[in-house]
Amino acid sequence: MSNLLAENMLWRNIYCNVSKSSSDCIDMGYSFGIIPSGFEWLAFILSAISLIGLVINGVLGGVIVLIWGERRLFGRFQNRTGPNRWGPYGILTPVADAIKTMFKEDILPKDADRLLYNLAPIMVVVPVLIVFSVIPFGFGSYVVDLNVGILFVLAITSISSLSVLTAGWSSGNRIAILSALRSVALLISYEIPMGLAVIGVIMLSGSLSLGSIVESQQIPYILVQPLGFFVFFLAAMAEMARAPFDLTEAESELAAGHLNDYSSMKFALFFLGEFMAELATAAIVTTLFLGGWKGPDFIPTEFWFGAKLVFVLFIIVWFRMTLPRLRVDQVLQFAWKGLFELTMINIITTAIFIFIWPEPGLKELLILALINWPVAIISIWGVSKILGTKQYENIESLKNENAYPYSFKTLPSEFYHQKGERGGD
Amino acid sequence: MFEEYFRQYAILIIFSLVATSVPIGMLAISFIAQLINVRPSRPSEVKLTAYEGGMLPFEERPEKFNFKYYYYAILFVVFDVEAVFLIPWAVKYGILTKQFGLVALLGTLIFLTVATIGYVYAWKKKKLDWIYNEK
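Protein sequences appear in the order of chains A and B. Under the working numbering, the residue at position 54 of the first sequence is numbered 54, and the numbers go up by one with no gaps. Under the working numbering, the residue at position 43 of the second sequence is numbered 43, and the numbers go up by one with no gaps.
Extracted from the complex, chain A is given alone in its bound form (with noise of 0.2 Å):
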């Protein structure tokens, strides 16, 4: 108990404004509790209960600005307005949507599988939910700091698979299954590119545990990863299907995809589910690469904290808004040939560059940074060669293979003129 009141600071003044007797709180100056001695278990389960409550109400409340902030920022993005009806600036909105879903007809379709169809929202939601326990919000204020927090992290993630699997299957709908099979291939592929680029943050704080890896950050790890930092970003982008990786959904191909069928409720928790996690999203990469709420020291860390996370939301959002949907080869080849291969060459690095200096200091991370960012845009040029327009250049190649290359860049213009076997004029 002493470890976690000593450096929790957010759970010891719960609980020991809570509990009345513990030793440990009196010897910290706290005397005035309410729950007597011998309820040690109850006052243990209510603070807990508070503490948890007010991060899921923080979290919900941080969805509520998100969507308002997006859907104002795309307005700016597409030279409109955006939503500017309900309330001040129109930050209601999404408030309005939540109750106008609510009371919306709810539709089982009868091909459906009653309790997986209406487990998968669940699904959805619950895991991104639990990634906010691990996250530290400032010093000293987290829910728990697990030992294996980043571990947790990306096996907790591991489940949104699952649950577009659970929604395409369980509509009995042929469009849902067909997107549902392509997301699931998607976010596997990109699972392993995002598990990869996290080894050498590891490699450098020594530790799983998110609070530590904060610590031990005397500059943001972005400079000393350029690498990690570019593929962990794209691959949690791809993990959350988003706009340009938006091939779960893709709504003028597969109709809203695993959604079809939804409605009501059950359809507000997907979209529920799929903003907060592009919000945990933002709370990890803050935390691993920009040095979580570290900053100087004359504003609060939770500041510094929420600084960089509309930072990385609004960048999130800008490549939401430039970026045009990637077709489903093009996807899984960026994995597989593109992602994969940047994560060897920066575990490689990284790893000959701790054999030189086991424990380095600001100096010797300084140094890596000089060495990395060139390494990193060498080799993601280098890649993009591989993965290139090239490869598409022969129009020959193009009528033999089974390949099919529709698309804007890739194929030469001659071949919009010609009349014949594919296409037509």
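Careful: at least some of the hints might be erroneous.
Covered by chain A, according to a simulated footprint, are these stretches of chain B (three or more residues, beta-carbon under 8 Å) [stated by the list, open to error]:
| hint | segment |
| --- | --- |
| 1 | 37-51 |
| 2 | 90-101 |
| 3 | 105-119 |
Derived DSS-like pairs: lysine-lysine, alpha-carbon spacing no greater than 30 Å straight-line [stated by the list, open to error]:
| hint | chain 1 | residue 1 | chain 2 | residue 2 |
| --- | --- | --- | --- | --- |
| 4 | B | LYS125 | A | LYS337 |
| 5 | B | LYS92 | A | LYS385 |
| 6 | B | LYS92 | B | LYS47 |
| 7 | A | LYS385 | B | LYS124 |
Here are a few chain A residues that face chain B, going by a calculated C-beta distance under 10 Å [what the hints assert, rightly or not]:
| hint | residue |
| --- | --- |
| 8 | GLU191 |
| 9 | LEU196 |
| 10 | ALA335 |
Hint data in this document are derived by calculation from the structure and do not stem from the laboratory. Fair warning: this is a prediction, and the values are worked out from it, not measured in the lab. All C-beta atoms in this analysis are idealised placements derived from N, C-alpha and C, irrespective of residue type, glycine included.
Keeping the supplied structure of chain A fixed, place chain B upon it in accordance with the hints.
Chain B alone, transformed into the frame defined by chain A:
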């Protein structure tokens, strides 16, 4: 110490219970709204069919699907196990290099080489590509 270690997991279990209650509570509110006739429920024969672009579905749900998904599943298992093997090595790597020197680095390089041979083989067999029309 021992008890302390499990207190974290006790908090985590309570967290997952509370987290599970959030979506269930939302679904429950929505369901109660149906019971008191705020939310409509008027199912009909056409409305309950699977939505496939407005046409009536002419087939049951597909029981079989393309074999290419299995390639990704198998590759995923292989390389995810590789990542799982690398993580404990990465945690203790700084200590290992101080104790054992070059062995800590070379051992993993050999392991990565073996994994990379499999990777190159899969690439050469074109199992990393998305196959559109296999003949």
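We went through each hint and held it up to the structure:
With 11 residues bearing a CB less than 8 Å from a CB of chain A, the segment 37-51 of chain B meets the requirement of three and the coverage assertion stands. For the segment 90-101 of chain B, the stated coverage by chain A holds: 8 residues have a C-beta nearer than 8 Å to a C-beta of that chain, and at least 3 were required. For the segment 105-119 of chain B, the assignment as covered by chain A holds, since 6 residues bring a beta-carbon within under 8 Å of that chain's beta-carbons and 3 suffice. Between LYS125 (chain B) and LYS337 (chain A) the CA atoms are separated by roughly 13 Å; this keeps the pair inside 30 Å, and the hint holds.
Proximity of LYS92 (chain B) to LYS385 (chain A) is assessed by CA-CA distance (about 36 Å); at most 30 Å being required, the pair is judged violated. With a C-alpha separation of about 59 Å, the suggested pair LYS92 (chain B) and LYS47 (chain B) falls outside the 30 Å cut-off, and the hint is violated. Between LYS385 (chain A) and LYS124 (chain B), the direct Cα distance comes to roughly 18 Å. Compliance with the 30 Å bound is thereby established for this hinted pair. With 10 Å as the threshold, the beta carbon of GLU191 (chain A) comes within range of chain B, its nearest partner Cβ sitting at about 7 Å, so the hint holds.
The beta carbon of LEU196 (chain A) is positioned within 10 Å of a beta carbon in chain B (closest approach about 5 Å), and the interface hint is therefore held. Proximity of ALA335 (chain A) to chain B holds as hinted, the smallest CB-CB distance being about 9 Å (cut-off 10 Å).
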